[in-house]
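There are 2 protein chains.
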Amino acid sequence: MDEPLTITAAGDLIRRGALAPTQLLSQCLRRIDKYEERVKAWAYLDRDRAWADAERLSAEQEAGHYRGPLHGIPIGVKDIIDVYDLPTGCGSAAWANSYARADATCVARLRQAGAVIVGKTVTTAYAYLDPPVTRNPWDLDRTPGGSSSGSAAAVACGMCLGALATQTGGSTIRPASYCGVFSLKPSRGRISTSGVLPLAPSLDHIGLMANSVRDLAILFQATAGYDPDQLATSRSAVPDCLHAIERAVTAVGTDYSRHRDDVKFRRFFPTASEMRPDTLHPEVVAFMEKVERDLRSLAHANYARVDPVVLPPEFSQVRHRHWQLMAVEAAETHGDRIRRRPDDYPPKIRELIADGLLVSRDEYSTAVQLRGDLSYRLRKTFWPEPLLVPATTSPAPTPETTGDPWCNSPWSFLGLPVVSLPLGWSSDGLPLAIQLVGGDHKEDYLLAWAAWVEEVFRLDNVLKPRPLPL
Amino acid sequence: MDEPLTITAAGDLIRRGALAPTQLLSQCLRRIDKYEERVKAWAYLDRDRAWADAERLSAEQEAGHYRGPLHGIPIGVKDIIDVYDLPTGCGSAAWANSYARADATCVARLRQAGAVIVGKTVTTAYAYLDPPVTRNPWDLDRTPGGSSSGSAAAVACGMCLGALATQTGGSTIRPASYCGVFSLKPSRGRISTSGVLPLAPSLDHIGLMANSVRDLAILFQATAGYDPDQLATSRSAVPDCLHAIERAVTAVGTDYSRHRDDVKFRRFFPTASEMRPDTLHPEVVAFMEKVERDLRSLAHANYARVDPVVLPPEFSQVRHRHWQLMAVEAAETHGDRIRRRPDDYPPKIRELIADGLLVSRDEYSTAVQLRGDLSYRLRKTFWPEPLLVPATTSPAPTPETTGDPWCNSPWSFLGLPVVSLPLGWSSDGLPLAIQLVGGDHKEDYLLAWAAWVEEVFRLDNVLKPRPLPL
Chain A
1 MDEPLTITAA GDLIRRGALA PTQLLSQCLR RIDKYEERVK AWAYLDRDRA
51 WADAERLSAE QEAGHYRGPL HGIPIGVKDI IDVYDLPTGC GSAAWANSYA
101 RADATCVARL RQAGAVIVGK TVTTAYAYLD PPVTRNPWDL DRTPGGSSSG
151 SAAAVACGMC LGALATQTGG STIRPASYCG VFSLKPSRGR ISTSGVLPLA
201 PSLDHIGLMA NSVRDLAILF QATAGYDPDQ LATSRSAVPD CLHAIERAVT
251 AVGTDYSRHR DDVKFRRFFP TASEMRPDTL HPEVVAFMEK VERDLRSLAH
301 ANYARVDPVV LPPEFSQVRH RHWQLMAVEA AETHGDRIRR RPDDYPPKIR
351 ELIADGLLVS RDEYSTAVQL RGDLSYRLRK TFWPEPLLVP ATTSPAPTPE
401 TTGDPWCNSP WSFLGLPVVS LPLGWSSDGL PLAIQLVGGD HKEDYLLAWA
451 AWVEEVFRLD NVLKPRPLPL
Chain B
1 MDEPLTITAA GDLIRRGALA PTQLLSQCLR RIDKYEERVK AWAYLDRDRA
51 WADAERLSAE QEAGHYRGPL HGIPIGVKDI IDVYDLPTGC GSAAWANSYA
101 RADATCVARL RQAGAVIVGK TVTTAYAYLD PPVTRNPWDL DRTPGGSSSG
151 SAAAVACGMC LGALATQTGG STIRPASYCG VFSLKPSRGR ISTSGVLPLA
201 PSLDHIGLMA NSVRDLAILF QATAGYDPDQ LATSRSAVPD CLHAIERAVT
251 AVGTDYSRHR DDVKFRRFFP TASEMRPDTL HPEVVAFMEK VERDLRSLAH
301 ANYARVDPVV LPPEFSQVRH RHWQLMAVEA AETHGDRIRR RPDDYPPKIR
351 ELIADGLLVS RDEYSTAVQL RGDLSYRLRK TFWPEPLLVP ATTSPAPTPE
401 TTGDPWCNSP WSFLGLPVVS LPLGWSSDGL PLAIQLVGGD HKEDYLLAWA
451 AWVEEVFRLD NVLKPRPLPL
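From first to last, the protein sequence lines are chains A and B. Be aware that the first sequence starts at 1, since it is given in the numbering used here, and climbs by one per residue. Be aware that the second sequence starts at 1, since it is given in the numbering used here, and climbs by one per residue.
Everything labelled a hint here was simulated from the structure, so no lab data went into it. Backbone N, C-alpha and C define an ideal beta-carbon position, used for all residues, glycine too. Take these hints with a grain of salt, some might be off.
As the list claims (entries may be wrong) - Have a look at the derived ranges for each label pair, beta carbon to beta carbon:
no., chain 1, residue 1, chain 2, residue 2, range
1, B, 96, A, 336, 18 to 24 Å
2, B, 235, A, 243, 35 to 41 Å
3, B, 314, A, 64, 54 to 60 Å
4, B, 33, A, 59, 55 to 61 Å
5, A, 15, B, 133, 51 to 57 Å
6, A, 140, B, 65, 27 to 33 Å
7, A, 140, B, 235, 52 to 58 Å
8, B, 27, A, 357, 30 to 36 Å
9, A, 372, B, 96, 42 to 48 Å
10, A, 141, B, 26, 54 to 60 Å
11, B, 112, A, 3, 52 to 58 Å
Chain A on its own, in the form it takes in the complex (with noise of 0.2 Å):
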């Protein structure tokens, strides 16, 4: 019942000597061991193979050799990401064998930079909403949420200390925050989805999770950046995340507000009528009205603001835009494959499939030209400050489905960057988190803020050390 192990945490161990790439891994696979006859979030497991790596990295660690913050740290893969020569099951039953004959571009960083890659976690058919078998492990008979169902799992249970996840419409953060750990997904382009299976190409990201905020900037920038085998990747630099972390932390219960301009006034938007709060679950209500009265009276936040934010009417139209291009885009995506093997579509996504094929051409040329100009006018509002927002719209519901997306899809669609922090629980223990809206490629000032939050909260001690589930 300890507390989640940090990738900063482990990985201090480890460069330090105090602990073997093989110890932290039979770490983790005793906890697969233990939890995940009851979780299910994996389809794939290669004990023989991360054994191998993890021994190889002691070896390196033991000369000498140490490759930065993620040597040696287990880290869960998405089973729609490609790891070469393991299947990419994709969710689908006739691709459950389909072996990957090289690495994503997002994985083989991962590995370039030490990662151990310990499997393949379960993802819903397709990366869209028909739920999975895999288990919430706050409680089982909850959803973990999707479409990276596996990945919020097994971090959540500590089988991994860091995982890969993808989102459409909120398929990172929505599961992230239902079992309780941290998620960023960064701007379109950010990463490359290059050895990805695609829903909707347009909308498509790679997200990240992990237990602390910390941990999503180690994983942000080993996987950031321009890759060759995908043109359509930003070429712009990736920004020293941790660099302004540290420096935001700093910052925490000093003076240093009252003399420096930059950090004096730090600024909290709060949930968006736009956001339509009425259909919020009370639960969810009261956990950003508690967020937002800390935020402006703990002790450490005591010179933080959190002030409204009004967003142009045409934002009203996101969600409706979002699926429209997503269905489109799933259609083109999948129709041909649909009518030859109709039994491996579940009905959700056949029905996003069909509903895609009755868009009209003259819809999504509205969706598009929508995206582009919302994106341009937004692309700064939630610059230095991040916009708040909560990260679903209710505690994990019950397994029949993976829980409503509505919270995410508006940033999936601008293509801004999210990040998502566990700050709170229901009156049934589940986990709750906040949402914060970042400026496109402004992941470093949205990850300093976020770590700012993560840091007051902890201080004060709101933000508890969490036990692990189950």
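Add chain B to chain A, keeping to what the hints say.
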């Protein structure tokens, strides 16, 4: 027992509405029904999808939408090349159910041009030298050659009208020649290998097989050219080979040569001594001598000269250096996996990988440097007139081996374009072929000469209509 239908002839019928893609496909499927049990050319067939595609293309034809000379042409694809939602088995037991999530670039381009993908043709394991299940349709006790065994056998039997192959050593030219079909290995970088299992990436080429030089040009025009998914592909313009062929063929048997400098002097170089002709099978030597005599004496070729060429002394190292590059890169490609799955590697590829691990860094660098130097020096040597060499060392041997690639590997090493023409027969009725080597990126000249030779031999009744085998 008819002569196999060419893409050119079938395409012409389809263009004129005299043949429907569905009729052509059923003709191919009937041949598959008839021969496949004995020949074993196919790893996977997808009759349903091929049929659906042929029906769609027939409907397009009826509606007057003609895609060009590949409209409705049945094509086979070597089983290391990805075809969407068919397995890419690579001759591996473990990968036999590994479905591709996208078409390889060359497949996507063929499909766009109207080709009907019939299925995946048998490859040797990982496209190396271990014998496949496929048999030579001209003699079932002979090898079809390898590694593109199924592609060659399928085209020879008229199971499809053209096929995609690959070549790292001699994997396109050799099987095509053993099976009596025409083949082209273009210049390095001409056709993208994105979506294709690598063996030795710096040596891997896409190859093309069909039943005439014009057919090869049609396949080349559709598949060649820069691929943003593979930055190593050549950015230079794809020449119009069909136009070059028309010009060359029109000149045959006319007085054109007396008035135009550029076609007056048709010069062929015989087997260079550097190719070590002493190891050539006597039947091949006799065949090459006859080809040379015919070129000098045939009525339609009476102005052709065949002069010897002296290659630089470094050329004698080429075969050894090719092997070193291939071994090192194969070890890089497969080294990690063979440790985990030794049983999935048959003896020859296993030996190659083991050897590759023993080649020193210096040796590898020397090989890379020799390739660069020699490629530069030779890049225009075989241009405009090509080098004439035998396509294989012998007629197809018995099936414990796939035959000797040493007539082919120098051109894979140098990245020069090569075309093979089946112009003769051994005493026991096996096909024999010549090989023409062209200047770097000069496929138009190369194919024009090849078409000229084909035309001369046909007009002079040396290249007789070939029956189908079996």
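Hint by hint, here is what the structure shows:
1. 96/B / 336/A: 18 to 24 Å: holds, 23 Å
2. 235/B / 243/A: 35 to 41 Å: Given a distance of about 39 Å, which is inside 35 to 41 Å, the answer is holds.
3. 314/B / 64/A: 54 to 60 Å: At roughly 43 Å between Cβ atoms, residue 64/A and residue 314/B fall outside 54 to 60 Å, so the hint is violated.
4. 33/B / 59/A: 55 to 61 Å: Since the Cβ atoms of residue 33/B and residue 59/A sit about 57 Å apart, the hinted range of 55 to 61 Å holds.
5. 15/A / 133/B: 51 to 57 Å: Holds, at about 53 Å.
6. 140/A / 65/B: 27 to 33 Å: Hint violated: Cβ distance 56 Å, outside 27 to 33 Å.
7. 140/A / 235/B: 52 to 58 Å: holds, 57 Å
8. 27/B / 357/A: 30 to 36 Å: holds, 34 Å
9. 372/A / 96/B: 42 to 48 Å: Since residue 372/A and residue 96/B have Cβ atoms about 45 Å apart, the given range 42 to 48 Å holds.
10. 141/A / 26/B: 54 to 60 Å: holds, 56 Å
11. 112/B / 3/A: 52 to 58 Å: holds, 55 Å
Hints 3 and 6 from the list above are not met by this structure, while the remaining hints are.
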